[in-house]
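Novice: The primary structure of each chain is shown beneath.
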Amino acid sequence: MIELEGLTKRYDEKLAVNNLTFTVRPGVVTGFLGPNGAGKSTTMRMVLGLDHPTSGDVRIDGKRYDQIEDPLRYIGALLDAKAVHGGRSAFNHLLCLAQSNGIPAARVHEVLDTVGLTGVARKKAKGFSLGMGQRLGIAAALLGDPRILMFDEPVNGLDPEGIHWIRTLMKSLAAQGRTVFVSSHLMSEMALTADHLVVIGQGRLLADTSMADFIAKNSRSYVRVRSPQRERLLDVLHEAGITVVETGGGALEVDGGKAEPIGELAARHQIVLHELSLQQASLEEAFMRLTAQSVEYHAHSEAPGGTWAQPVPRGEWGADWKKGA
Amino acid sequence: MAMAHVIRSEWTKIRSVASTVWTLSAALVVTVALGMLISALTRREFDSMSPRDRLTLDPTFISFAGMSLGQLAMIVFGVLVVSNEYSTGMIRTSLAAVPRRATFLFGKITVATALALVVGMATSFLAFFLGQAVLGPHGARLGDPGVLRAVVGGGLYMTLIAMFSMGIAAMLRSPMLSLGVLMPFFFLISNILGNVSATKKIGRFLPDQAGSRILQVVPGAADDTPYGPWGGLGIMVLWVAAALIGGYALLKQRDA
Ligand SMILES: Nc1ncnc2c1ncn2[C@@H]1O[C@H](COP(=O)(O)OP(=O)(O)OP(=O)(O)O)[C@@H](O)[C@H]1O
Ligand SMILES: [Mg+2]
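Here the protein sequences line up with chains A and B, keeping their order.
982 is the number that our numbering gives to position 309 of the first sequence; each next residue is one higher, with no gaps.
828 is the number that our numbering gives to position 30 of the second sequence; each next residue is one higher, with no gaps.
Next up, chain A with everything else stripped away, as it sits in the complex (with noise of 0.2 Å):
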């Protein structure tokens, strides 16, 4: 379990990370996500005691990270793959990050087999392309069998095979128990993989929800209606007591889940359809809905007054940053 308690992360002029405070529960993946710069890497840094925050707090099972005795049997972290000495083989890096945590060797090979780096053991790291690099970090998390769990962003540069390696790899640590906490900008990375969700923009919390909590409201589905005969169409369904919308390209927009009773309206008046649809929302829009709140937020903060913000209109979520301010 890892407990943040109002941790904040200034650098000079820069605040990061604002007073986040959440908690990342065993035998569950949670993603962490956020757009570019939101702090996300810097909440992981202060997490594993390489930045030390400005204020506030972070708890592992209880404990300062540097408290933890042999920390790498305790929680294993991807940060950067590109940490590593470029001129070190494979398996002396891993040697050497065992060795400091008296990890035996034994577990050396048996984690570069997991990750299958095996052939490739005694080349040096410099030679790795980035899906490599990437497998080699993994390996180092994975080092000291931990019971927590952390990686930012480790599908960067996989290919699509890696990318569902790594996936299957989450769920089944955390369905042994562990703690797994991973952070992406991709919502539809995140759908896939996460079962709670922890989102930051701007170093604020966004929202801290269940994966279907945040799919049941923000997933809204509607039906789109084309036809030649639009405005008896129009007519029609506002005669019934539906709600439409007018997009663009002369299609209807009707709220809710169902086509059937539209098209069997539509039959009964004698109306052609060209096209009748279910269409739902994205969880991609959902998330870039909700993290649009926190770039007004900085417009605001920096251009009091500035028209050129475009006023966002303001969900639900929008509260959740209001509330901290």
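Hints in this document: simulated from the structure, not taken from any laboratory.
The reader is advised that the hints may include incorrect statements.
Said to hold, decoys possible - Now the in silico label distances, taken between C-beta atoms and shown as ranges:
{"id": "1", "chain 1": "A", "residue 1": "S802", "chain 2": "B", "residue 2": "V819", "range": "41 to 49 Å"}
{"id": "2", "chain 1": "B", "residue 1": "F923", "chain 2": "A", "residue 2": "Q849", "range": "54 to 62 Å"}
{"id": "3", "chain 1": "B", "residue 1": "L928", "chain 2": "A", "residue 2": "Q740", "range": "47 to 55 Å"}
{"id": "4", "chain 1": "B", "residue 1": "S823", "chain 2": "A", "residue 2": "L865", "range": "47 to 55 Å"}
{"id": "5", "chain 1": "A", "residue 1": "T920", "chain 2": "B", "residue 2": "M974", "range": "53 to 61 Å"}
{"id": "6", "chain 1": "A", "residue 1": "K796", "chain 2": "B", "residue 2": "L986", "range": "39 to 47 Å"}
{"id": "7", "chain 1": "A", "residue 1": "D786", "chain 2": "B", "residue 2": "P982", "range": "22 to 30 Å"}
{"id": "8", "chain 1": "A", "residue 1": "K796", "chain 2": "B", "residue 2": "A996", "range": "56 to 64 Å"}
To be verified - Pairs of lysine-lysine, DSS-like flavour, derived with a Cα cap of 25 Å:
{"id": "9", "chain 1": "A", "residue 1": "K799", "chain 2": "A", "residue 2": "K755"}
{"id": "10", "chain 1": "A", "residue 1": "K796", "chain 2": "A", "residue 2": "K755"}
{"id": "11", "chain 1": "A", "residue 1": "K687", "chain 2": "B", "residue 2": "K1050"}
{"id": "12", "chain 1": "A", "residue 1": "K755", "chain 2": "A", "residue 2": "K797"}
{"id": "13", "chain 1": "A", "residue 1": "K931", "chain 2": "A", "residue 2": "K890"}
{"id": "14", "chain 1": "A", "residue 1": "K736", "chain 2": "B", "residue 2": "K1050"}
{"id": "15", "chain 1": "A", "residue 1": "K755", "chain 2": "B", "residue 2": "K998"}
{"id": "16", "chain 1": "A", "residue 1": "K890", "chain 2": "A", "residue 2": "K844"}
Cβ coordinates follow ideal geometry from the N, Cα and C atoms, glycine included.
Model the placement of chain B with the ligands on the given structure of chain A, informed by the hints.
Specialist: Chain B with the ligands in isolation, oriented as in the chain A frame:
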């Protein structure tokens, strides 16, 4: 035991990068070879020397003449051992594995220092014996008064130079910046300060000048140095301690 683990780990690190081998072998080869060359030149010129020069001839010190250049390789070794962590980004991986920064830094410095000591001693003894062999009849013997102290001191001097560089690199992090400060410092500034009479009194308290006092067996005629061989080495140790404490203080408070 955490420190023992870290020392094993740092040993794996240091032996698995190429720079360790080439910096340390350069330190040895350059020091010994240049010492032999200067010894050979001295032997050739001995007959044309003035009687006073012959009297103050310090064969031990002459065989160490290569150290002024060889120490630069020791500086590169000390700098790279520490700053490699930063230039490669490895520091974050390392500190995640060993979050107690004192344990990390002093574990690393212990291993690098032990290695520098072995190579430094080998260099010093080799430079002495080969230098004396070249000097032939004018050479000194290990049993002569003060000679063993100078030869052991030579090994310690090389080690302390490497340690000082580790401290500076821990403060500055970047290998280029560290070398850019240390190289001119030891090669130019120290020499200039030590040779201009106005600044000589300050110059001789610099780490290399104070530390190299122990390499001399026969002090020069006009020697008015306010410290002896061990005193000089003591001054150098103070410099090294200051550099390492500074390096640790910065590592502790900085973000990695
Ligand atoms: N060492 C640093 N010094 C100064 N500013 C920093 C430092 N590290 C991060 N920042 C700033 O803090 C903010 C958050 O950066 P961070 O890397 O944590 O974001 P992120 O969410 O990981 O972004 P990305 O998705 O691009 O990886 C950024 O504006 C960044 O410029
Ligand atoms: Mg990042």
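Novice: Please go over all the hints and tell whether each is borne out by the structure.
Specialist: The hints, checked one at a time:
1. A/S802 - B/V819: 41 to 49 Å: Given a distance of about 27 Å, which is not inside 41 to 49 Å, the answer is violated.
2. B/F923 - A/Q849: 54 to 62 Å: 58 Å, holds
3. B/L928 - A/Q740: 47 to 55 Å: 53 Å, holds
4. B/S823 - A/L865: 47 to 55 Å: The hinted range 47 to 55 Å holds for B/S823 and A/L865, with Cβ atoms some 53 Å apart.
5. A/T920 - B/M974: 53 to 61 Å: 59 Å, holds
6. A/K796 - B/L986: 39 to 47 Å: Because 41 Å falls inside the window, the suggested range holds.
7. A/D786 - B/P982: 22 to 30 Å: Violated - the Cβ-Cβ distance for A/D786 and B/P982, about 50 Å, lies outside 22 to 30 Å.
8. A/K796 - B/A996: 56 to 64 Å: 57 Å, holds
9. A/K799 - A/K755: 9 Å, holds
10. A/K796 - A/K755: Status holds; Cα separation ~15 Å.
11. A/K687 - B/K1050: 22 Å, holds
12. A/K755 - A/K797: The given pair, whose Cα atoms are some 13 Å apart, holds under the 25 Å limit.
13. A/K931 - A/K890: 17 Å, holds
14. A/K736 - B/K1050: Holds, at about 19 Å.
15. A/K755 - B/K998: 48 Å, violated
16. A/K890 - A/K844: Since the Cα atoms of A/K890 and A/K844 sit roughly 24 Å apart, the hinted pair holds (cutoff 25 Å).
In the structure shown, a violation is registered for the earlier hints numbered 1, 7, 15, in ascending order.
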